[in-house]
Amino acid sequence: DAKTTQPTSMDCAEGRAANLPCNHSTISGNEYVYWYRQIHSQGPQYIIHGLKNNETNEMASLIITEDRKSSTLILPHATLRDTAVYYCIVRGLNTNAGKSTFGDGTTLTVKP
Amino acid sequence: EAEVAQSPRYKITEKSQAVAFWCDPISGHATLYWYRQILGQGPELLVQFQDESVVDDSQLPKDRFSAERLKGVDSTLKIQPAELGDSAMYLCASSLARQGPAFFGQGTRLTVV
Chain A
96 DAKTTQPTSM
106 DCAEGRAANL
116 PCNHSTISGN
126 EYVYWYRQIH
136 SQGPQYIIHG
146 LKNNETNEMA
156 SLIITEDRKS
166 STLILPHATL
176 RDTAVYYCIV
186 RGLNTNAGKS
196 TFGDGTTLTV
206 KP
Chain S
1350 EAEVAQSPRY
1360 KITEKSQAVA
1370 FWCDPISGHA
1380 TLYWYRQILG
1390 QGPELLVQFQ
1400 DESVVDDSQL
1410 PKDRFSAERL
1420 KGVDSTLKIQ
1430 PAELGDSAMY
1440 LCASSLARQG
1450 PAFFGQGTRL
1460 TVV
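Those sequence lines, one after another, are chains A and S.
So in my numbering, the last one in the first sequence is 207, and the numbering has no gaps at all.
So in my numbering, the last one in the second sequence is 1462, and the numbering has no gaps at all.
Note that these hints are calculated values from the structure, not bench results.
Beta carbons: idealized from backbone N, C-alpha and C, even for Gly.
Don't take every hint at face value.
Think about it this way: if two alpha-carbon atoms lie no more than 25 Å apart in a straight line, the pair counts; the simulated SDA-like pairs of lysine to any residue are [as the list claims (entries may be wrong)]: (1) A:K206 x S:G1449; (2) A:K147 x S:D1400; (3) A:K98 x S:K1360; (4) A:K206 x S:K1427; (5) A:K98 x S:Q1386; (6) A:K147 x S:L1445; (7) S:K1427 x A:Q137; (8) A:K206 x S:Q1408; (9) A:K164 x A:Q140; (10) A:K164 x S:K1427; (11) A:K164 x S:L1388; (12) S:K1360 x A:K206; (13) A:K98 x S:K1427; (14) S:K1427 x A:K147; (15) S:K1360 x A:Q137; (16) A:K206 x S:Q1448; (17) A:K164 x S:Q1408; (18) A:K164 x S:L1445; (19) S:K1360 x A:K164.
Here are the simulated distance ranges between beta carbons [stated by the list, open to error]: (20) A:P116 x S:K1364: 23 to 29 Å; (21) S:K1427 x A:S104: 48 to 54 Å; (22) S:D1405 x A:G198: 42 to 48 Å; (23) A:G110 x S:G1421: 31 to 37 Å; (24) S:E1363 x A:N152: 27 to 33 Å; (25) A:I134 x S:E1417: 39 to 45 Å; (26) A:K206 x S:L1419: 47 to 53 Å; (27) A:R111 x S:P1357: 37 to 43 Å; (28) S:D1423 x A:P116: 48 to 54 Å; (29) S:D1423 x A:E153: 42 to 48 Å; (30) A:P116 x S:E1352: 50 to 56 Å; (31) A:R176 x S:K1427: 19 to 25 Å; (32) S:K1411 x A:G110: 28 to 34 Å; (33) A:T103 x S:E1363: 34 to 40 Å.
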């Protein structure tokens, strides 16, 4: 699976959009981009995933660049409860979910 | 909403003792994973089951760790003997299919003293 690079930490004002970048320049054609988050002392929570088209669900939007070498997770109206570590993972279609390499993620702090 | 259940939530044990963790995946999820997460790091996969069979235990320290999923539903992860370096969060996750997203339990925080 391709390696991902994320900033170590980011801040966001409450009510504003939080845009979390992820670089996956070595991604291959059949690899999906997954996002999870982990709130302190809890297990990771699945957020969203995509292949090449932008995706949106009730939690977030995922924007994948045309060359698929990077993506951005958007939380449209961040709240204090969105403070967490966000993990970007790249995984092949035939790779088991458990093979996801989490890395160290981005610590997002939402401030009032 | 269906959840992955884990117990205990916290466990303190002395080094050289045995310790066990239990996981009940989301109903119908054939794939089950055990992860270890050291403080400040991302989770790392220890073992993966497909139904009752182990499909990947390449990262499991087999001299002291064992895992089973006898009936293909709930699972137990055991450490014997525990060492100080085993202090970590132990996470269980399940997925409907191997390729789908994984859903995690709350984890068991193990402290070895």
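Here's how the hints hold up against the structure:
1. Simply put, A:K206 and S:G1449 have alpha-carbon atoms about 33 Å apart, too far for the 25 Å limit, and the pair is violated.
2. Proximity of A:K147 to S:D1400 is assessed by CA-CA distance (about 31 Å); at most 25 Å being required, the pair is judged violated.
3. Between A:K98 and S:K1360, the direct Cα distance comes to roughly 33 Å. Violation of the 25 Å bound is thereby established for this hinted pair.
4. At most 25 Å may separate the alpha-carbon atoms for a hinted pair to count; A:K206 and S:K1427 exceed this at roughly 41 Å.
5. For the proposed pair A:K98 and S:Q1386, the alpha carbon gap of about 19 Å is at most 25 Å, so the pair holds.
6. Only pairs whose Cα atoms come within 25 Å are accepted, and A:K147 paired with S:L1445 is accepted, the gap being roughly 23 Å.
7. For the suggested pair S:K1427 and A:Q137, the alpha carbons sit about 21 Å apart, so the restraint of at most 25 Å is met.
8. The suggested pairing of A:K206 with S:Q1408 is violated, with an alpha-carbon distance near 38 Å, which exceeds 25 Å.
9. Annotation: proposed proximity of A:K164 to A:Q140 holds, straight-line Cα distance about 24 Å (limit 25 Å).
10. Taken as a hint, the A:K164 and S:K1427 pair is broken in the structure, with Cα atoms around 40 Å apart against an allowance of 25 Å.
11. Of the pairs offered as hints, the one joining A:K164 and S:L1388 is violated, with about 29 Å between alpha carbons and a cut-off of 25 Å exceeded.
12. For a cut-off of 25 Å, the pair hint linking S:K1360 to A:K206 is broken: about 33 Å separates their Cα positions.
13. Among the hinted pairs, A:K98 with S:K1427 is inconsistent with the structure: their alpha-carbon atoms are about 31 Å apart, more than 25 Å.
14. Taken as a hint, the S:K1427 and A:K147 pair is broken in the structure, with Cα atoms around 41 Å apart against an allowance of 25 Å.
15. Taken as a hint, the S:K1360 and A:Q137 pair is honoured in the structure, with Cα atoms around 15 Å apart against an allowance of 25 Å.
16. This hinted pair does not check out: A:K206 and S:Q1448 have alpha carbons roughly 36 Å apart, beyond 25 Å.
17. This hinted pair does not check out: A:K164 and S:Q1408 have alpha carbons roughly 29 Å apart, beyond 25 Å.
18. For the proposed pair A:K164 and S:L1445, the alpha carbon gap of about 28 Å is over 25 Å, so the pair is violated.
19. Distance restraint check for S:K1360 and A:K164: the Cα-Cα separation of roughly 42 Å exceeds the 25 Å cut-off, and the hinted pair is therefore not satisfied.
20. A C-beta distance of roughly 42 Å is found between A:P116 and S:K1364, which places it outside the suggested range of 23 to 29 Å.
21. Taken as a hint, the range 48 to 54 Å is violated for the pair S:K1427 and A:S104, whose Cβ atoms sit roughly 36 Å apart.
22. Judged by the Cβ atoms, the range 42 to 48 Å given for S:D1405 and A:G198 is violated: they are separated by roughly 19 Å.
23. Under the hint 31 to 37 Å, the C-beta atoms of A:G110 and S:G1421, about 46 Å apart, miss the expected range.
24. For the pair S:E1363 and A:N152, the supplied restraint of 27 to 33 Å is violated, since their beta-carbon distance comes to about 45 Å.
25. Between A:I134 and S:E1417 the beta carbon distance is about 30 Å. The supplied range of 39 to 45 Å is therefore violated.
26. For A:K206 paired with S:L1419, a C-beta distance near 48 Å keeps the hint of 47 to 53 Å intact.
27. For the pair A:R111 and S:P1357, the supplied restraint of 37 to 43 Å holds, since their beta-carbon distance comes to about 39 Å.
28. Remark: the range hint 48 to 54 Å for S:D1423 to A:P116 is contradicted by a beta-carbon distance near 39 Å.
29. As the Cβ distance of S:D1423 to A:E153 is approximately 30 Å, the hint placing it in 42 to 48 Å is violated.
30. At roughly 30 Å, the beta-carbon separation of A:P116 and S:E1352 lies outside the given 50 to 56 Å, and the hint is violated.
31. Hint check: A:R176 to S:K1427, Cβ distance near 35 Å, so the stated range 19 to 25 Å is violated.
32. A C-beta distance of roughly 50 Å is found between S:K1411 and A:G110, which places it outside the suggested range of 28 to 34 Å.
33. One distance hint, 34 to 40 Å for the beta-carbon pair A:T103 and S:E1363, holds here, with the actual separation near 35 Å.
In summary, the structure is inconsistent with hints 1, 2, 3, 4, 8, 10, 11, 12, 13, 14, 16, 17, 18, 19, 20, 21, 22, 23, 24, 25, 28, 29, 30, 31 and 32 from the numbered list given earlier, while agreeing with the others.
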